[in-house]
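So you can see what is in the structure, the chains are spelled out below.
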Amino acid sequence: MAADSPEALKKQLKLYAAIGGCLFIGTILTVAVAVVPALDFGDRGFSQGDLVIGLLIASVKASLVMYIFMHLNHEKKLIYLIYGMSGFFAICLYFLTKLSFIDPIKYVGFFTGGE
Amino acid sequence: MNEKILDEIPYIVNPRKDTGLFNSKIGIWLFLASEVMLFGGLFSGYIFLRVYADYPWPERVLPILPGLVNTFILIASSVTVVFAWAMLKLGKWNMFRLFMGITIACAAIFMGFKVVEYKAKFEHQGVRLADYTILEGHLHAADVDSHGHIVHDSHGHDAHGEGHDAHKGHDDHGNKEATTVHTSVNNIIFDAKKLTFDLTKVDEKYLETILEQAATHDAKVTFSKDVFSQSEPGVKPVKIISAGDELSYEKLIAAKEAFVAARTHNAAERTAELRRLWKESKAENEGVAGWKQAQDIAIDTDKLALVPAKSSISATVEPHISFVFAPQKVKSYNASSLTRKDGTMVVGSLQKSPMELGIDAVDFTFLVQQAEEMGIDPDDAVEKAWILSHSPAVKAAWEEHKKHVAAIDEAYFQEALKKTDGDEEKAREIANHVPEVEKYRMTWKDLVRYGSHGEINLQWYDGFKGANHKNEEWAAHFPDISIPREQIAFESKFTPRWNNYYAIYFTITGLHGLHIIGGAIVLGYYMFCPNMFRKNPTWLANRVEVAGLFWHFVDLVWIFLFPILYLM
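Chain order of the listed sequences is A and B. Sequential numbering from 6 applies to the first sequence in the numbering used here. Sequential numbering from 1054 applies to the second sequence in the numbering used here.
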């Protein structure tokens, strides 16, 4: 639970509102660095700099949602284990695409396994 | 009742001693783990499609406003859902309902924006020309006669299918009465002499468009030859269609059934023969591997008692008339034949079938990529593009665009020159420059700026909604073009068919939208559980917390989707 007593819960409400405000600001910042020329990172237009800064802001926003709204800042061990495993396997998925380069499908004869 | 359920299902109110968690919380986290992998797989697919795309990947092409507003809405709903849960914990039922109501309203607004956004995509036309130039815009609507001539160009924006609102009118090239259709000017008009139907794919709706148009033109479509039904050899063939019979769905189905019966018989004959040969081979070649024997077994069809099975049937059109076909129902075409997606082949001649487009973007990046691959100077290739020699407005805009790009590049160069103390070579190396995606693409903002000779100076915050054809001041500078059919290599609305970007965009955002709907239904349900609140508020709070975790996850996905799809 985020808070056990009514007083603590009321305090938490202020934190939730503040986090909401941070998420709004993060969103405005994300758009600003993408569309305002003066805030453009790296080369002109969309570049690696924009990619890094865009994903960085998104990651900070996502962390706030996970830690505060989803109460991951004070969860039980089992939840961290489940969450950690899903994260691990999701990251593995990103490397599956690489398999397409080391597993070329070639026709080598129907039954014979090659001439 | 509730107490009974509570007795039956353990640990849904109080936590288990070993895990310290109530069961539904573990359940939702396991579910969310699978969701992380589902969306993780889709994001992985997105990266794969983008990094290894063999065409210029569309960057920052979506209007930002709908995505931005939806991000704000989802963040707001994440705050209200956690507030609603807190109100339940504090025992404030009415406040819980208020915050939950706001959450559901946010979900409804989110989906409303999604509908608007999707609708805009389904109305936006993309065309890839034969020289790889890509044009984007909106189709114009007009009255088109049966010969493909535009009788009255309303220049409205309309997107209808084939054969809409047919009515008799007068040909603008003579007094002869002609049939006109009011439609978006993007139909393939084909003068048909002969039609060949694929009996394996007879489709009533496809056939209807042919029969209706023939009736409108007072033309007769009749079968060219007699068709017989014979399901077994030795049985006298029965004539089911006579040459000269009028084309109808029922007759096509009869022909299809005759074909299926004949093919079924022939397949049975072939299987029986194959079985016999296989048995013989096995008896003669004991110990030889099956796959080696199989290579020598061949059926002599001349010895089999087969019956004629024809998979197609032809019809003639008298007098020859022009059919209007929607491009999305046509598989392929050339000057003398056309194949529809139901397999119907039309033999005749392609008529003038232009596409009338109000252009809001001209993109040469694909053309440049192709030119570079062929070792051609990309700038030379662009100068020879068909659109530049056929649209003075686009040509004028392109000349302005080149000056604009050159001015920016020069400014960057001068800036770099200062840093290198006048060393031009070093300055060229370090100078920023206009990227290809900007250099070779004129957006709707560019067209408005150049078309108005700078009088309309759009700022970065203008047009968050995208190319707005309803804004007359802007739309006046979107060039109109009539594109001959032979110049069109590929065309589509901005749907998954247009490119992989839109395919993955619709897949991920569509799936995310379904999550929004599902989550809103579950959260909304709890607003109508006052009895549960009275009898066991902790249980209800646990349930809302679990549903709230799902809702936050949906928000989490959107936090990444928004920048990736809209800003990168």
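These are computed hints drawn from the structure, not numbers from a lab. One thing to keep in mind: the hints can contain errors.
[Said to hold, decoys possible] List time: in silico BS3-like cross-link candidates among lysine-lysine, alpha-carbon distance up to 30 Å:
no., chain 1, residue 1, chain 2, residue 2
1, B, 1437, B, 1546
2, B, 1309, A, 81
3, A, 15, B, 1588
4, A, 81, B, 1437
5, B, 1174, B, 1247
Keep in mind it's a predicted model, so treat the numbers as computed, not measured.
Tested hints:
Straight-line distance between C-alpha atoms of residue 1437/B and residue 1546/B comes to about 26 Å, which keeps the hinted pair within the 30 Å bound. Taking the CA atoms of residue 1309/B and residue 81/A, the gap is about 66 Å. The hint is violated against a cut of 30 Å. Taking the CA atoms of residue 15/A and residue 1588/B, the gap is near 24 Å; set against the 30 Å cutoff, the hint holds. Taken as a hint, the residue 81/A and residue 1437/B pair is broken in the structure, with Cα atoms around 66 Å apart against an allowance of 30 Å.
Simply put, residue 1174/B and residue 1247/B have alpha-carbon atoms about 37 Å apart, too far for the 30 Å limit, and the pair is violated.
Checked against the numbered hints above, the structure breaks hints 2, 4, 5 and satisfies the rest.
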